[in-house]
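S.K.: Line by line, the protein sequences are chains A and B. In this note's numbering, each number is its position in the first sequence, counted from 1, plus 67. In this note's numbering, each number is its position in the second sequence, counted from 1, plus 195.
One or more hints might be untrue.
Straight-line distance between alpha carbons at most 35 Å, and here's what the computed DSBU-like set of lysine-lysine pairs gives [as the list claims (entries may be wrong)]:
no., chain 1, residue 1, chain 2, residue 2
1, B, Lys-252, B, Lys-204
2, B, Lys-252, A, Lys-121
3, B, Lys-252, A, Lys-170
4, A, Lys-170, B, Lys-204
5, B, Lys-204, A, Lys-121
6, A, Lys-121, A, Lys-170
Here chain B is said to cover these stretches of chain A; the calculated rule only asks that three of the stretch's residues, wherever they fall, bring their Cβ under 8 Å from a Cβ of chain B [as the list claims (entries may be wrong)]:
no., region
7, 112–119
8, 126–138
9, 165–173
Derived from the structure by calculation, the hints contain no laboratory data. Glycine is no exception: its CB is placed at the ideal position from the N, C-alpha and C atoms.
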Amino acid sequence: GIQVEQSPPDLILQEGANSTLRCNFSDSVNNLQWFHQNPWGQLINLFYIPSGTKQNGRLSATTVATERYSLLYISSSQTTDSGVYFCAALNSGGSNYKLTFGKGTLLTVNP
Amino acid sequence: DSGVTQTPKHLITATGQRVTLRCSPRSGDLSVYWYQQSLDQGLQFLIQYYNGEERAKGNILERFSAQQFPDLHSELNLSSLELGDSALYFCASSVGQGYYEQYFGPGTRLTVT
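Looking at chain A on its own, in the form it has when it is part of the complex (with noise of 0.2 Å):
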C-alpha cells in the first residue's frame, strides 16, 4: 500500500514565527487531507486537497501530485497551533477508500 512519511517528526517554535511541514507520498493520490489533533485528541479538518494551493486563514496548503508531495505552512504561529499535524492519503485506484496516515509532526509553540 501507499506509504506516507512526514517531516520534521517535531518542531518548537516561538509564538510569531512562521513553519512548512512535508508530507511525502509513494504513489499517486486522489485524496489528500491534513488534520491537526488538538491536545484533548480530537482530529480537526485543515485541507482536503489532492492537489494545488488552498488557504484558509493564517494556514495555506499546497499539494504537488506529480512529485508526490504535499507542504502545510503556518504563519504568524500561535500558542493554540500546538499538537499534531497528520497528513493522510487515499491511493488511486481499487475499491478500498482508506486514509493512510503518516506518523504526525509534534508543534509547540511557546509563547
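Assemble chain B onto chain A, guided by the hints.
M.R.: Chain B in isolation, oriented as in the chain A frame:
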C-alpha cells in the same frame, strides 16, 4: 464540530470484557470508517461501511466487528478485550465511497485495565 458524533467519549473496562462504540455520521453521509489510534501503531484503518454494507477491511482483529444500521449509524464491537486494545477509536464519514473528504468524530478513548 465535524458533525460526526461518537459515544461514549471515554470507556474504562477490564480485560476479557466486551464493549460497543457508537458513531453517527454527518447528515447525508453514506460512508462510515473506523480508525484506531494507538501509541505504537499510530492511526490505522479498521473497516469501512457504505450504505449498510461492508466495503473494506483493514487491520481489524477477529475479536472486533462492526455494522452499519439502516439509519446509517454504526457500531464497533470489541470483545475479549486485552490491554493492547487500549486506544483512541475514531469514526469518520464521507458523502460517498469514493475519493471524498473524510470527516472525523471526536473519538472514544478506550482504556482496558
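S.K.: Each hint: holds or not?
M.R.: Going through the hints against the structure:
no., hint, verdict
1, Lys-252/B - Lys-204/B, "holds, 24 Å"
2, Lys-252/B - Lys-121/A, "holds, 32 Å"
3, Lys-252/B - Lys-170/A, "holds, 21 Å"
4, Lys-170/A - Lys-204/B, "holds, 23 Å"
5, Lys-204/B - Lys-121/A, "holds, 32 Å"
6, Lys-121/A - Lys-170/A, "holds, 23 Å"
7, 112–119, "holds (count 3)"
8, 126–138, "violated (count 0)"
9, 165–173, "holds (count 6)"
The structure does not agree with numbered hint 8 stated previously, though it agrees with all others.
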